[in-house]
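Asker: With the hints as your guide, set chain E onto chain V.
There are 2 protein chains.
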Amino acid sequence: MKAEIITIGDELLIGQVVDTNSAWMAQRLNEQGIVLHQITSVHDDRQHILKALDEAFSRADIVLTTGGLGPTKDDITKHVMCEYFGTTLVEDPCVREHIHTLYKDRPDVLNRLTATQWLVPESATILPNRVGSAPIMVFEKEAKSERLEVKGEGQNSKFLIQNSKFLIALPGVPHEMKIAMTEQVLPYLRLKAKGERLEAKGEIIHRTLMVYGIPESKLAILIEEWEIALPNSMHLAYLPKDGIIRLRLSSYGEATIEEVNQQLDALRPLISDYLIATEDLPVEAILGNLLKQRGQTIATAESCTGGRLAAALNAQSGSSAYYMGSVVAYANEIKEQVLGVKHITLEKYGAVSEQTVREMADGVRRLMNTDYTVATSGVAGPTGGTADKPVGTVWIAWATPEGTEAECFHFGVAREREQITQRAVTVALVRLIQSLNSKH
Amino acid sequence: MKAEIITIGDELLIGQVVDTNSAWMAQRLNEQGIVLHQITSVHDDRQHILKALDEAFSRADIVLTTGGLGPTKDDITKHVMCEYFGTTLVEDPCVREHIHTLYKDRPDVLNRLTATQWLVPESATILPNRVGSAPIMVFEKEAKSERLEVKGEGQNSKFLIQNSKFLIALPGVPHEMKIAMTEQVLPYLRLKAKGERLEAKGEIIHRTLMVYGIPESKLAILIEEWEIALPNSMHLAYLPKDGIIRLRLSSYGEATIEEVNQQLDALRPLISDYLIATEDLPVEAILGNLLKQRGQTIATAESCTGGRLAAALNAQSGSSAYYMGSVVAYANEIKEQVLGVKHITLEKYGAVSEQTVREMADGVRRLMNTDYTVATSGVAGPTGGTADKPVGTVWIAWATPEGTEAECFHFGVAREREQITQRAVTVALVRLIQSLNSKH
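Residue numbers (our numbering), protein chains in the order written: chain V, 71 to 510; chain E, 71 to 510.
Just so you know, not all the hints are guaranteed correct.
Where chains are identical, the list cannot tell them apart; a pair therefore holds if satisfied intra-copy or between any two copies.
Lysine-lysine pairs mimicking DSS-like chemistry, simulated, CA-CA at most 30 Å apart [stated by the list, open to error]:
| hint | residue 1 | residue 2 |
| --- | --- | --- |
| 1 | Lys-121 | Lys-211 |
| 2 | Lys-288 | Lys-509 |
| 3 | Lys-174 | Lys-459 |
| 4 | Lys-459 | Lys-418 |
| 5 | Lys-174 | Lys-418 |
| 6 | Lys-288 | Lys-72 |
| 7 | Lys-235 | Lys-121 |
| 8 | Lys-288 | Lys-143 |
| 9 | Lys-311 | Lys-248 |
| 10 | Lys-121 | Lys-72 |
| 11 | Lys-311 | Lys-121 |
| 12 | Lys-311 | Lys-143 |
| 13 | Lys-311 | Lys-459 |
| 14 | Lys-509 | Lys-174 |
| 15 | Lys-362 | Lys-459 |
Because the hints were derived from the structure by calculation, they are not lab data.
Okay, chain V solo, but in the shape it has when bound:
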């Protein structure tokens, strides 16, 4: 099965909002063996939506839309869907009841605009939206051959429509979309896919190796023979970001997981000097897993990264097993008073110096008594750079049970503040991963 996503909303096309929904939905679709062919972002405009629907259906079996389902005047998706599928709005008592239950303690929400939310397209199947008022609508585009329906009662009715194209309209608010996908749309698609099981070619496989410390072109030359010998059923991609390259080997139903793993087994020894992980995880999760396995703990002392290292380290559930806390010492007074950096050190070498980050790393270790600490101090810019320490200069220190190391990095080649701090966070974590990996 092939799918497309149409994201609807002027906010996407004027750049007020980044579309994070599509990537999340793409992952979930791939897990179900559904290839996402294209993502299209269109305006809240009747003509534009109608045209995008026609084009998407010319290529795909399933079209998922997000956005435009709110109760305000700018949201027109429901009305355009009615026009496209030749149906009209009718009151749905189940949706009405659901909305009344949802907002039973919010009389100010139960107003006449919210009441338009229980008007739904007559020909659509409505899936429940547990956390919001916008109904999730399923439209059948064209039933091509025999058709099997399995109907339940009321809002929980489930259809099994064979050999037809269909559209599912989802809300654009990310957390509503995610719950709707997880609880309603994916089970619906699994049911739908059952009827096609015999035609399915096999599962979609993506396996990723994470590599650090080698330029992309050099890596490509290093593994060239291996890459050329890859069977046609597999496809390699290079994804460089923040100094890490994700090497992804994909197969769209034409190779087995064993065949893919065999290729990776042959690849691994070629890149062992640079390999930091054998699955596509955030670096903070790789480090967290290593610390958890070893029962070790970590804390951070941050100046230029300003809490981002801390936030990365506690982003995973269960991080309290290894992450204790942090001091963000943005001002020099805080470096002295809280972390115990010596006044003379700051005066003599400055805040962005080897001496200062070492004292920061050691200071937070005294304070929080952890196995590892990381400290950062740098010039994130855009102002504050000097000839000696230009924007992008970042000192990082790692205090480990074996001692304290420090290194200076230059991330400043025309990068922005946010990119410099993000790069510092990534490098700080990757170096710790390498250090832990070397101590098996």
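Answerer: Structure of chain E alone, referenced to chain V:
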């Protein structure tokens, strides 16, 4: 002028990467008076790219593409462009020289794969990529009438092509794309637009008011009469996120800035109880600007937000004027030892309690001596919830010169860990903005 963006890369369609480029590019295009009509994400696939180019040119005058310009085998954009525009690759001595200069200290990068980067399509104008090896390529689609060329020397040559459609291929790595847009593509588009100045209808205007503490449907009813009376030249959009609603009034060249401002002047008194800002800024920037104006300072003590409040507060350049530092006290020992929360408080009321967040807020104020402090403690989930304190329960305390306040929030209605902490950060900052705004 109407533009479209085509983002090229399998990673976008399997959800491995979120497309952040398009939103940034959309903002820049709008600033130049160029309407972005559609964003399309396609696979690294010859047929798919060719079809997307045809479709985009059927609707738009300018097509911008990102991605697929690397030196590795999976990157095919340059070859597909050659096919589409009927040209072939030739060596460009300027690009070769530029790449040699760029990597003069990196002999491992100057390998035979990187050498393919100075092969460029013969018919394309090449704009310099200051920070990377992928050349930025401009292709002319069809010259419709007279044509004026203004050529300079070598890589810095500038064309002024009138009445033609064209394509600009940009690298997909965000920081390379941003520099290329800022330094090369936007000046090129400004030059191009000059020839069309007489046809231009006027500038694109977006003005945003930020509102907090009212449901979207209630807000729409509150301003209904005003909205109905809006002239056709203006369009209102509601963008709810994290409890904040951005009310955006847009005009695509049909109204003047004075006319738009007049409408906003009429709107403001209607929503004054909920208005937190009159421009579309991150909440941390609104708060930062207020603190800077008043010469006041802030620090944070964080448990469940884990450094995200700190990171928000120092995300702006110049934040060292008001942001001093933070303690992320993830473990209870750190709350006691660093922030001075009493052992008996933690034992009697627990970490997620009014008493604890108050002592955290007061503790970090003693430590960092700031005018304001904010403290958070909550259950971010997915584990750790109890009947009494379910996932999503967050206590926040604000210590101000007038005293310390605390409030309990419930963000848990099916939200994920990341959303709960993000919501807590937003609410903590918005309440401080309201508090500062009330003390004119």
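Asker: Hint by hint, note whether the structure agrees.
Answerer: Evaluated hints:
1. Lys-121 to Lys-211: both (15 Å within a copy, 23 Å between copies)
2. Lys-288 to Lys-509: within (27 Å within a copy, 59 Å between copies)
3. Lys-174 to Lys-459: between (59 Å within a copy, 21 Å between copies)
4. Lys-459 to Lys-418: within (15 Å within a copy, 50 Å between copies)
5. Lys-174 to Lys-418: Classified as neither; 64 Å inside a copy, 34 Å across copies.
6. Lys-288 to Lys-72: neither (35 Å within a copy, 40 Å between copies)
7. Lys-235 to Lys-121: both (17 Å within a copy, 22 Å between copies)
8. Lys-288 to Lys-143: Classified as between: cross-chain Cα gap 13 Å, same-chain 54 Å, threshold 30 Å.
9. Lys-311 to Lys-248: For Lys-311 and Lys-248, both the intra-copy (26 Å) and inter-copy (15 Å) Cα distances are at most 30 Å.
10. Lys-121 to Lys-72: So Lys-121 and Lys-72 pass the 30 Å test inside a copy (19 Å) and across (17 Å) alike.
11. Lys-311 to Lys-121: between (35 Å within a copy, 29 Å between copies)
12. Lys-311 to Lys-143: between (40 Å within a copy, 18 Å between copies)
13. Lys-311 to Lys-459: Classified as within; 24 Å inside a copy, 39 Å across copies.
14. Lys-509 to Lys-174: neither (57 Å within a copy, 35 Å between copies)
15. Lys-362 to Lys-459: between (37 Å within a copy, 26 Å between copies)
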